[in-house]
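Going down the list, the protein sequences come from chains A and B. Just remember that my numbering sits 5 ahead of the position in the first sequence, which is counted from 1. Just remember that my numbering sits 721 ahead of the position in the second sequence, which is counted from 1.
Hints were generated in silico from the structure; no laboratory data involved.
For each label pair, taking beta carbons as the anchor points, the in silico distance ranges come out as:
id: 1; chain 1: A; residue 1: 99; chain 2: B; residue 2: 898; range: 38 to 44 Å
id: 2; chain 1: B; residue 1: 837; chain 2: A; residue 2: 11; range: 24 to 30 Å
id: 3; chain 1: A; residue 1: 99; chain 2: B; residue 2: 926; range: 28 to 34 Å
id: 4; chain 1: A; residue 1: 55; chain 2: B; residue 2: 946; range: 48 to 54 Å
id: 5; chain 1: B; residue 1: 919; chain 2: A; residue 2: 57; range: 51 to 57 Å
id: 6; chain 1: B; residue 1: 847; chain 2: A; residue 2: 18; range: 26 to 32 Å
id: 7; chain 1: B; residue 1: 910; chain 2: A; residue 2: 75; range: 30 to 36 Å
id: 8; chain 1: A; residue 1: 18; chain 2: B; residue 2: 866; range: 23 to 29 Å
id: 9; chain 1: B; residue 1: 960; chain 2: A; residue 2: 99; range: 27 to 33 Å
id: 10; chain 1: A; residue 1: 57; chain 2: B; residue 2: 943; range: 56 to 62 Å
id: 11; chain 1: B; residue 1: 960; chain 2: A; residue 2: 77; range: 30 to 36 Å
id: 12; chain 1: B; residue 1: 822; chain 2: A; residue 2: 115; range: 19 to 25 Å
id: 13; chain 1: A; residue 1: 115; chain 2: B; residue 2: 838; range: 26 to 32 Å
id: 14; chain 1: A; residue 1: 106; chain 2: B; residue 2: 1008; range: 24 to 30 Å
Where is the CB? At the ideal position from N, CA and C, for every residue including glycine.
In case you want the letters, here they are:
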Amino acid sequence: MTLMTSLEHVVTAAQHAEIIENNETVMICCGRMGPMCLPVYDAMDELQEEYPNIKFFDMLFDSPEAAVIRSAPECAGFMGLPFTMYYKNGQVVKATSSIQSKEQIKEILDEKLSL
Amino acid sequence: MNTKHYDVIVLGAGPAGLTAGIYLSRAKMKTLLLNEGMIGGQVVLTHEVANYPGVENISGYQLATSMKKQALSFGCEIKQNIKVSKLDLSSTTKTVHVGDDIFTANAIIIATGGRSRELHVTGEDSFKGRGISYCATCDGDFYTGKDIIVVGGGNSALEEAVALTTYAKTVTIVHQFDHFQAFDHAVEMAKKNKKIHFILQSQITGFYGDEKLQHVKIKNLKDNTISEKSIDGVFILIGYQPNSEKFTEHANINQYGEIPTDLKMATNVPGVFAAGDIREKQIRQITTAVSDGTIAAINAIEHIQK
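Produce the complete structure using the sequences and hints provided.
Structure, rendered in structure tokens:
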């Protein structure tokens, strides 16, 4: 099960683990095809060119495999889609709940995922 | 610094802006569509569009994507997620600055639409996604078996309050007036629902909690008393406000932030047109935005060819 976006999809928890282990900086947006999620995928798609060192992915929130994000301690208290995770060297360095603008995402990328 | 000239620049890419883009580019006008957010505007916030003539059922995202493809197919240039830093609309040649780029045009169509209105009270930013939501269909299932508040008294607020009772244990509608702006049938549906309670002539003055929202302060507008209410979530559904801040120095704007136009969608500034939700008008629907975009485009062409 995947989302209908132009981003690369994370489908399984094993794939998720492999991605964050093998890439220094990763952003994963875990959501549905809903109004709060679509603008985030869209912004990520555009940011791929601007941030070639960061790997951008999405993951379907309702997939059982997405428990790896839904149940992450950083997401405790999250009550709004999408759950967006930022990883550096295999660790979560930032997590956000609900819609974020391209500018807000860029701020996080510059602050948390710069090499 | 790069400068590029167009026949028409359309600011905003919701249904009004995209329709203008389709009509202009199909008429062989060199057209640039600039959008600060995602293509589609508020339409992408609609899960299901069921009243767009000729299309029985479509998601807002699909409809907007289809309009975008249509505009691109006629040669319209589209730049999204950009930031307009400076405008000059008073000269015959209009200028729009986007970062280091300068775009000029013989006419401008303002179709920047609106955005969800916020309460602008203590804690609203901190608890966004942690108890505060602006989209019932997106986040409703997080509140299964919980107590929530819906703020607002319009159709969206009352209809979503009823929809949220599918998940929530109780839904309390907090509204600043003693009556609702919603249609009678929406009010009736809400009043009939046993899970829905009402706190009228009141407004939320602050959101409080630790990791997530735990309680709100509510001011009674009749006697100015403030009470606290424990709550798991609050859905803020108080309508939309026009994205007109950028134009306050450039065109007439009414007390509601809308741009008045004549029947040709012309503003008080020659060569500047407005279309869609940004415009002073009675009915805000996708169909009326599309109509505005069409009229603005045709009259922008006429203005250029004078």
